[in-house]
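Chains as they are written, first to last, in the working numbering: chain W, 1 to 294; chain S, 295 to 607.
Errors might be hidden in some of the hints.
[Claimed, not checked] Only pairs whose alpha carbons sit at most 25 Å apart, straight line, appear in this in silico SDA-like list of lysine to any residue:
no.: 1; chain 1: W; residue 1: 254; chain 2: W; residue 2: 57
no.: 2; chain 1: W; residue 1: 254; chain 2: S; residue 2: 513
no.: 3; chain 1: W; residue 1: 68; chain 2: S; residue 2: 444
[As the list claims (entries may be wrong)] Now the in silico label distances, taken between C-beta atoms and shown as ranges:
no.: 4; chain 1: W; residue 1: 121; chain 2: S; residue 2: 361; range: 46 to 52 Å
no.: 5; chain 1: W; residue 1: 200; chain 2: S; residue 2: 522; range: 34 to 40 Å
no.: 6; chain 1: W; residue 1: 75; chain 2: S; residue 2: 465; range: 26 to 32 Å
no.: 7; chain 1: W; residue 1: 209; chain 2: S; residue 2: 523; range: 41 to 47 Å
no.: 8; chain 1: S; residue 1: 376; chain 2: W; residue 2: 34; range: 51 to 57 Å
no.: 9; chain 1: W; residue 1: 18; chain 2: S; residue 2: 425; range: 35 to 41 Å
no.: 10; chain 1: W; residue 1: 109; chain 2: S; residue 2: 505; range: 25 to 31 Å
no.: 11; chain 1: W; residue 1: 34; chain 2: S; residue 2: 425; range: 19 to 25 Å
no.: 12; chain 1: W; residue 1: 20; chain 2: S; residue 2: 353; range: 29 to 35 Å
Hints in this document: simulated from the structure, not taken from any laboratory. Quick caveat: nothing in here was measured; it's all calculated off a predicted structure. Ideal Cβ placement from N, Cα and C applies to all residues, glycine included.
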Amino acid sequence: MSVADATTALHGLAPIESPWRRALRRLLRRRGAVVGGIVVIAFVAIAVFAPWISPYDPTATDWGAVRKAPSAAHWFGTDEIGRDVLARVIFGARASLLAGVISVAIALALGVPIGLLSGYVGGWLDGLLMRITDAMLACPFLILAIAMAAFLGPSLTNAMIAIGISATPIFIRLTRGQVQTVKVEDFVEAARAVGNTHWRIALRHILPNIIPPLMVQATLTTAAAIIAEASLSFLGLGQQPPAPSWGSMLNIAKNFLTQAPWMAVWPGVSIFVVVLSFNLLGDGLRDALDPKHR
Amino acid sequence: MLTFLIRRLAIVLPTLLFVSFIIFGLQQLLPGDPASAMAGEERDPEVVAHVRKMLHLDEPLPVRYGYWIGAVLQGDLGLSLRIQKPVTELVLEKLPVTIQLATMAFLIALLIGIPMGVLSAVKNGTAWDYGANVIALWGLSTPNFWLGIMMILLFSVQLGWPPASGFVPPSEDLSRNLQSTIMPAFVLGNAIAAVMMRHTRSAMLQVLTTDYVRTARAKGLGEGKVVGKHAFRNASIPVITLGALEFGQLLSGAVLTEQVFTIPGFGKLIVDAVFNRDYAVVQGVVLCTATAYLLLNLMADILYVLANPRLRG
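Work the whole structure out from these sequences, hints included.
Printed below as a string of C-alpha cells:
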C-alpha cells in the first residue's frame, strides 16, 4: 500500500477518542455524578461570591432580632445574638470548601511523592515508609486530627493542616499500589530500555498513568475532609468565632434546640448536601475512569 | 496458622513502635516551651519547673522517649495535670462506656447494613436496589453529630422520648442504661451500616454469579435457601472481617456522639483534655485507640484465615 493509500484509509476511520474525553462522556451519562458536579459548582460559586449574594454581614449582631424564626427578612432565621443564619451559612461555605480543598492538596502534596518513591524504589525504603504509613493509619483519622489540632492550637489553618496530614497515608498507600502495578508495564520497560533516567520514568511515564484513581480518591477525601473540618469546628478546634463555619454554627445551635431549632437545621443540611454531592461525583468519576470497578 | 500469626505479629510490633513515635512526637508540635504550655494559664514557675522535671524536658529527645515508652510499657500513661489522676486509671474508667456504645452501634449497623445489602444484591437493578443505595449514600454523607442533634430535636424535644443526654451505668439500672444509649448508638452506627451495606452488596453480587449458586438453582432449591445457605454464607466472610475493621472507626466516631449526648466516655475524655491542655491524657487516649485499632486489624486477619479454609493451609 502506498503512503497516499494509507492516508486515504486513515481518513475513512472515525477519529480515535482520547481516554479523558471517553471518561468525560461516561461521566456525563451518570445522572447522580452530573447533579453532584452541578451542586459542587453551585457551592463553589456561593463561596466565591459570598460578599455579593449574602443578604447581611455574617458577623453583624442585632439585639433586636435575637433567635427570630425564619421570616421574609431573615429566610433562615437569626441566631442567639441576632446574626442572620443565611448569611452565616453562605460565608460558612468558604470555610468548609477551603478546608476540603486545602486538606486534600496537603495530603496529595505529601502522599503522592512519598508513595511514588516507596513504590518505585521498593526494598528497605518501601518497608520503612509502609510501617510509618501503617502506624498513621492505625490512629483513626478524626482522633489523629483532634490530637494534632490540640497540640497545634485551635484555628482553621491548623485544622486544615491536621486533616491534611491525617489523610496523607491513604494517598501514600494508593500511589504506592498503583506505581507497583504500572512500573512493570511494557511501556515503562521500554522507557527504561531507551535510557530514560529514574526521575523521568517516575514523573513522565508512571505519574500520568496513576492520575485517574488519585482523582477519584481526592474527590471522596474532599467529602471526608469537609466532614472532618465541620467535626473539628463543632468541637471548637476549627474555625474560631465570630468567623462562620457550619460546624461551629452547629456547636452553638445544640444549646438552643428548644428555643431556636432552625439554627441547627441549615448548617447541617448544607454539610449533608455538599458531602453527598462530592460522594456522588466521586462515585461517578470512579465508574467513568475505571469501568471494571462498577 | 502459627506461621501466619508470627508473620502478622512481626508487622504489628514495628507498627506499634512507629505509632509510639508519632504520639510522642505530637508533644513536639506544641509551640514554644512545652513545660509552660502544659503548666496551664497561670504559668506558675514552680509548676513549670515541676512539669519540666516530671517529663524530663531538659534531657535530649531520644532519652525522653526512652523514659516515656519505658513507663508506657509498664502501664503508666502519665499523670493528668488537671484531674491529678493517672491517665491509665482515667482510661480504664471511661473505656467501658465507649465499648458499650460502640458494641451497640456495631450491632445496629449489622442489623441494618447486612439485610439491606443482601436485598440490594438479590434485587439488583430494581427499585429496592436503588432505594438501598440511596439510604447508604445518605448514611455516608450525614455527619453523625448533626444526625444526633436532629434526633434529639425530633424525639426528645418534640416527642418527649428517651432522655436527650446523660448516661446511666448498666450496673445502676439496665433499662435506663439502654434508654440513654439507644439513640447515640443508632447515630454512631448509621454510617457503619451504610459501609456494611455496600460491602455486603458487592460481596453478594460476586457470589451470586458463581457456578455453585447456579448449580444450587439448577437443582431446584428455593431462592431463600440459595441466597441464605449458599450465597450469604460465603459472602459473609469478607463482610465479617471488614466489620472488625469498621469497629475501630466507631471508637473515633464516638468522640462526636459522646459530645452531642454528653456521655462520659473515651471521646468526651479526649475532648475535655484538649480544652484543659491535659496533653498526657490526649496522648494516652490516642495511644490506646491506635493499639485497639491495630489489634482489631490483627483479629480481622485471623478471622479471615479461620473463616476461609483455603487460607488455613
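Hint by hint, here is what the structure shows:
| no. | hint | result |
| --- | --- | --- |
| 1 | W/254 with W/57 | 23 Å, holds |
| 2 | W/254 with S/513 | 58 Å, violated |
| 3 | W/68 with S/444 | 19 Å, holds |
| 4 | W/121 with S/361: 46 to 52 Å | 35 Å, violated |
| 5 | W/200 with S/522: 34 to 40 Å | 56 Å, violated |
| 6 | W/75 with S/465: 26 to 32 Å | 50 Å, violated |
| 7 | W/209 with S/523: 41 to 47 Å | 44 Å, holds |
| 8 | S/376 with W/34: 51 to 57 Å | 52 Å, holds |
| 9 | W/18 with S/425: 35 to 41 Å | 37 Å, holds |
| 10 | W/109 with S/505: 25 to 31 Å | 47 Å, violated |
| 11 | W/34 with S/425: 19 to 25 Å | 21 Å, holds |
| 12 | W/20 with S/353: 29 to 35 Å | 56 Å, violated |
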